[in-house]
Amino acid sequence: MPARLPYTYKYLRAKKKFPHVWCPGCGIGIVMGSIIRSIDSLGWELDDILMVSGIGCTSRMPVYVDFNTLHTTHGRALAFGTGAKMVNPRLKVLAVMGDGDSMAIGGNHIIHAARRNMDITAIIVNNNNYGMTGGQFSPTTPQGAKTATTPYGMIEPDFDVCKLTEAAGANFVARGDVYHVIELDGIIKKALSGSGFRVVEALSPCPTNFGRANKQGDAVNMMELLRDETINIAQASKLPKEKTQGKTVRGIFVDRDGMGYTERYQKLCDRVSPGVKK
Amino acid sequence: MSERPVKGQAVEEHCKTEDEKAPAVHIFPEWCKGCGICVAFCPKQVLEMGKDQKAHVVHPEKCIECALCARRCPEFAVYVSGDGIKESKNKDGGEK
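Protein sequence lines correspond, in order, to chains A and B. If you read the first sequence in our numbering, its first letter stands for residue 1, the second for the next number, and so on. If you read the second sequence in our numbering, its first letter stands for residue 1, the second for the next number, and so on.
So that you can see chain B by itself, here it is in the shape it has in the complex:
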């Protein structure tokens, strides 16, 4: 029986190889299922859906680190840098 691939390990490896200048927002492609929630509700359109049906960071310079994408990601596949997720000033949690 072949061994089941350990996908969490892949995420750890992914993080290790990341360089210091990497953008604040980061997506683990191993865990992303492509629901599009992070892309749709990003207030600055930092993310975009790729052809592989996974979210990609296309405009990292626009990111304001509100971490709404990380909070709303059901797959735990979005990570915004910093020690913890920053407190947003918008108590309602939305752009509306």
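Excised from the complex, chain A in its bound form:
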């Protein structure tokens, strides 16, 4: 019996796949650790969880965790997750997506999953660019930021993941970042234990592409930027407006108790064909 193995070890495909492909200092590993700790504290069985992903850096995550996993086409994590949830409502479906995956090519899927209040937890790791293909701009690249395809600065305004999904009708919307990792643990745990469509946006550094293009330094400097340029929603409400100017607000924005899609579907089944067991 190995005496000193970390308890996260049993959730990892440690013998086959580690060390992982993410660059040194990439925050996706921290988000993955946060998901694992949240699931561990909830005490869920590994077989009850389905982790779906699309294509991208973040979407490599199902390769490394030992749940039921599904690695699908670009942007379609939520579409596949919806299908899996309808076929087997017992599953706890967890969709992990990057910002390009969820906001650009899968933009419609996230809007409609939120509108339906599909019982899925969507974890969106936002690193402001397409890291895997060489740092092109994505819909969440901040205005003015430089990337491989916007060498003179991004001229388009960026998407706010939280506001978009809130307006589309998601049950739970929150934003965390990988520097404030204990806060992120709490947010992900709360998101996982709810029902309906739940969105967590996790801000994460990309030192290899975004950090280098914008001269933000190495992983440590980018983590410090996350520390200095984000502010908790409780703190932000107490401070005057000029002190929170330009800072990203993190925390839980929406926590509704709307009926999830699977529950509504079950009620329809009971009404239309009573007595038939599913």
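No wet-lab data here; the hints were simulated from the structure. You can take every hint at face value.
One side only, chain B facing chain A, incomplete, derived with CB under 8 angstroms: (1) V11; (2) E12; (3) W31; (4) K33; (5) G34; (6) C35; (7) G36; (8) I37; (9) R71; (10) R72; (11) P74; (12) E75; (13) F76; (14) Y79.
Yeah, the Cβ is synthetic: ideal placement off N, Cα and C, and Gly gets one too.
Using the hints provided, position chain B relative to the given structure of chain A.
Just chain B now, with coordinates in the frame of chain A:
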């Protein structure tokens, strides 16, 4: 074709050979990529970057087992002893 080295196995072996008096904080050198996050954000400067571009435990006696290094390690290469990671009292997750 030569067989690919199984690196997770190395971590398990690493843990087996560890003695009881070993420090609370522990680093698996096989998985560490040397990003320096654990070193920079340790509140007690327990860790230091080695010449091999990997983190090393240099002041184990200073460790307060806050496990911020283990939580912030993107490579799952830091482990702090105990059954689970202890709950930190600092809700904000940082030293600031």
